[in-house]
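Keeping their order, the protein sequence lines are chains L and A.
Going by this note's numbering, the first residue of the first sequence is number 1, and it counts up by one from there.
Going by this note's numbering, the first residue of the second sequence is number 1, and it counts up by one from there.
Everything labelled a hint here was simulated from the structure, so no lab data went into it.
Worth double-checking, as some hints may not be accurate.
DSSO-like mimics (lysine-lysine), calculated; alpha carbons at most 30 Å apart, straight line [stated by the list, open to error]:
(1) L/K58 x L/K110
(2) L/K57 x A/K44
(3) A/K57 x L/K42
Label pairs and their calculated CB-CB ranges [stated by the list, open to error]:
(4) L/A70 x A/A52: 35 to 45 Å
(5) L/N22 x A/L80: 31 to 41 Å
(6) L/T28 x A/Q96: 19 to 29 Å
(7) A/G97 x L/K15: 37 to 47 Å
(8) A/G97 x L/Q3: 19 to 29 Å
(9) A/N65 x L/P52: 32 to 42 Å
(10) A/N65 x L/K110: 44 to 54 Å
(11) A/K57 x L/K15: 39 to 49 Å
(12) L/L46 x A/N62: 41 to 51 Å
Only some residues are given here: those of chain A computed to face chain L with a beta carbon under 8 Å [as the list claims (entries may be wrong)]:
(13) A2
(14) G40
(15) M41
(16) Q102
(17) D106
None of these values were measured; they are calculated from a predicted model.
Just so it is clear, CB atoms sit at the ideal spot from N, CA and C, and this is done for glycine as well.
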Amino acid sequence: QQQVKQSPQSLIVQKGGIPIINCAYENTAFDYFPWYQQFPGKGPALLIAIRPDVSEKKEGRFTISFNKSAKQFSLHIMDSQPGDSATYFCAAANAGNMLTFGGGTRLMVKP
Amino acid sequence: NAGVTQTPKFRILKIGQSMTLQCTQDMNHNYMYWYRQDPGMGLKLIYYSVGAGITDKGEVPNGYNVSRSTTEDFPLRLELAAPSQTSVYFCASSLQGSNQPQHFGDGTRLSIL
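Model the full assembly from the supplied sequences, consistent with the hints where possible.
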């Protein structure tokens with residue numbers, strides 16, 4: 001069964017802190033690893049994505065680190081802000097663009 | 001651009017009733033998807049379509065049906081609503097091919113009592 005395991009389920013940090021969300025996958029056929037951000041009452045929105053031939057990708061304050069041998073990847077949010085408070089989902093896709101999602105992490109950034 | 005539009009936003013059904021969740025996109029995307037999101041869980045794929053007239057099952061298709069008669073529309077049908085189908089349903093679309101970002105609607109919150 002294709003699975004993506006995400007941790008922690010919830011996370012509270014102070015403004016300016018660096019929350020880290022971790023994901024692990026099993027299926028080595030996955031070749032695309034996006035992160036989605038979801039605000040209450042809204043659908044998920046693509047935040048950043050990485051392919052397994054790259055070990056790190058940065059977009060603004062968001063960084064994905066990827067460890068192909070361990071089958072793990074993580075999201076770091078630098079200088080976190082209260083506006084970053086949301087639920088974050090990691091996902092993995094195969095060549096057919098079908099996404100398998102992790103269980104989600106509810107992040108709260110305190111002012 | 002409206003992107004992906006889902007209707008209704010909220011609905012309460014009685015056990016055994018049927019309904020259709022509507023999804024339309026204006027981005028001319030070939031691929032469309034239906035997911036359900038249960039509390040504390042990630043999104044699970046119900047059905048997907050790679051083009052008009054072509055649909056296929058995802059991870060959790062039981063109790064649902066879909067059709068794709070046009071590129072723009074991808075309705076999801078519940079024939080005999082059951083309490084286990086209480087969830088938030090999201091429709092998404094993407095360009096054809098791998099590694100394409102999926103664009104989501106804002107969801108339909110469905111309660112079955």
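Status of the hints after comparison with the structure:
1. L/K58 x L/K110: Answer holds: L/K58 to L/K110 is near 24 Å, not above 30 Å.
2. L/K57 x A/K44: Roughly 26 Å between the alpha carbons, so the hint for L/K57 and A/K44 holds.
3. A/K57 x L/K42: Holds, at about 25 Å.
4. L/A70 x A/A52: 35 to 45 Å: This hint holds: roughly 41 Å between Cβ atoms.
5. L/N22 x A/L80: 31 to 41 Å: At roughly 40 Å between Cβ atoms, A/L80 and L/N22 fall inside 31 to 41 Å, so the hint holds.
6. L/T28 x A/Q96: 19 to 29 Å: 24 Å, holds
7. A/G97 x L/K15: 37 to 47 Å: 40 Å, holds
8. A/G97 x L/Q3: 19 to 29 Å: 24 Å, holds
9. A/N65 x L/P52: 32 to 42 Å: 36 Å, holds
10. A/N65 x L/K110: 44 to 54 Å: Because 45 Å falls inside the window, the suggested range holds.
11. A/K57 x L/K15: 39 to 49 Å: About 45 Å separates the Cβ atoms of A/K57 and L/K15, which means 39 to 49 Å holds.
12. L/L46 x A/N62: 41 to 51 Å: 29 Å, violated
13. A2: 13 Å, violated
14. G40: For A/G40, the interface hint holds, since the closest Cβ of chain L sits about 7 Å away, which is under 8 Å.
15. M41: 6 Å, holds
16. Q102: 6 Å, holds
17. D106: 5 Å, holds
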